[in-house]
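**Student:** Listed below are the residues making up each chain.
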Amino acid sequence: GAVVSQHPSWVICKSGTSVKIECRSLDFQATTMFWYRQFPKQSLMLMATSNEGSKATYEQGVEKDKFLINHASLTLSTLTVTSAHPEDSSFYICSAEVGADTQYFGPGTRLTVL
Amino acid sequence: QKEVEQNSGPLSVPEGAIASLNCTYSDRGSQSFFWYRQYSGKSPELIMSIYSNGDKEDGRFTAQLNKASQYVSLLIRDSQPSDSATYLCAVNSGSARQLTFGSGTQLTVLP
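Chains as they are written, first to last, in this note's numbering: chain A, 443 to 556; chain B, 94 to 204.
Okay, chain A solo, but in the shape it has when bound (with noise of 0.2 Å):
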């Protein structure tokens, strides 16, 4: 199956800072990826799409601006929490579009804010 990587695997940071994840397809290109956050004992919350050379399209209750998506190229897009408090303390998980709706999930970023 289609490769997908995520980086930092975790995260810890002060309340006010801002935290950059970014999310890679290895071996494939990948016109549209997606964001997506979990709650513990929670199934996954998509946040935005994210399309290569374009704006992300968020879903309703996402602050754009407070979390900015960047898919500036087919194998990255990043997600920067901007001024994080700990209520965004969560796991995010990026995922890759295979083929026209098959998606692969990276391993996924566990953040904490303090």
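Among the hints, erroneous ones may be present.
As a list, the in silico DSS-like pairs of lysine-lysine whose alpha-carbon atoms are at most 25 Å apart [as the list claims (entries may be wrong)]:
(1) A:K462 to A:K508
(2) B:K149 to B:K160
(3) A:K462 to A:K506
(4) B:K135 to A:K462
(5) A:K456 to A:K508
(6) A:K483 to B:K135
(7) A:K497 to A:K508
(8) B:K95 to A:K483
(9) B:K95 to B:K160
(10) A:K506 to A:K456
(11) B:K95 to A:K506
(12) A:K462 to A:K497
Just so you know, these hints were derived from the structure itself, not from any lab.
Using the hints, position chain B against chain A.
**Tutor:** Frame of chain A; chain B shown alone:
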């Protein structure tokens, strides 16, 4: 609103038994259906995809789709303790190219 419903479980089966996981969806326009496995603390891993009515088999896994009943299931034969995980059903309606996930069913296979 598009919905995907799963029994949250937990579902416990003895080792070697068949585990049956069920999923219903609300959008009749859905075209693609996926089962993901998620171990605790890990990200989802794609197990099966199915697009047409009927059964699709891959090793110990069989996905079943019934579009008329808006129902998709996953059977795991000869269940192993390593199959213990949360299984997520995901549906793609085709129009938005996004997946709608169910809340997941937690499966425990008892040795």
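**Student:** A separate judgement is required for each hint: does it hold in the structure or not?
**Tutor:** Comparing the hints with the structure gives:
1. For a cut-off of 25 Å, the pair hint linking A:K462 to A:K508 stands: about 12 Å separates their Cα positions.
2. Among the hinted pairs, B:K149 with B:K160 is consistent with the structure: their alpha-carbon atoms are about 14 Å apart, no more than 25 Å.
3. About 14 Å separates the Cα atoms of A:K462 and A:K506, which keeps this hinted pair within 25 Å; it holds.
4. Of the pairs offered as hints, the one joining B:K135 and A:K462 holds, with about 20 Å between alpha carbons and a cut-off of 25 Å not exceeded.
5. Among the hinted pairs, A:K456 with A:K508 is consistent with the structure: their alpha-carbon atoms are about 16 Å apart, no more than 25 Å.
6. Under the criterion of a C-alpha separation no larger than 25 Å, the hint pairing A:K483 with B:K135 is consistent with the structure, at around 12 Å.
7. For the proposed pair A:K497 and A:K508, the alpha carbon gap of about 14 Å is at most 25 Å, so the pair holds.
8. Between the alpha carbons of B:K95 and A:K483 the distance comes to roughly 21 Å, so the proposed pair stays at or under 25 Å and holds.
9. Straight-line distance between C-alpha atoms of B:K95 and B:K160 comes to about 15 Å, which keeps the hinted pair within the 25 Å bound.
10. For the hint linking A:K506 to A:K456, the alpha-carbon distance of about 21 Å falls within 25 Å, and the restraint holds.
11. For the hint pairing B:K95 with A:K506, the CA-to-CA distance comes to about 23 Å; that is within 25 Å, so the pair holds.
12. About 17 Å separates the Cα atoms of A:K462 and A:K497, which keeps this hinted pair within 25 Å; it holds.
This entry satisfies every hint, going by the numbered hints stated previously.
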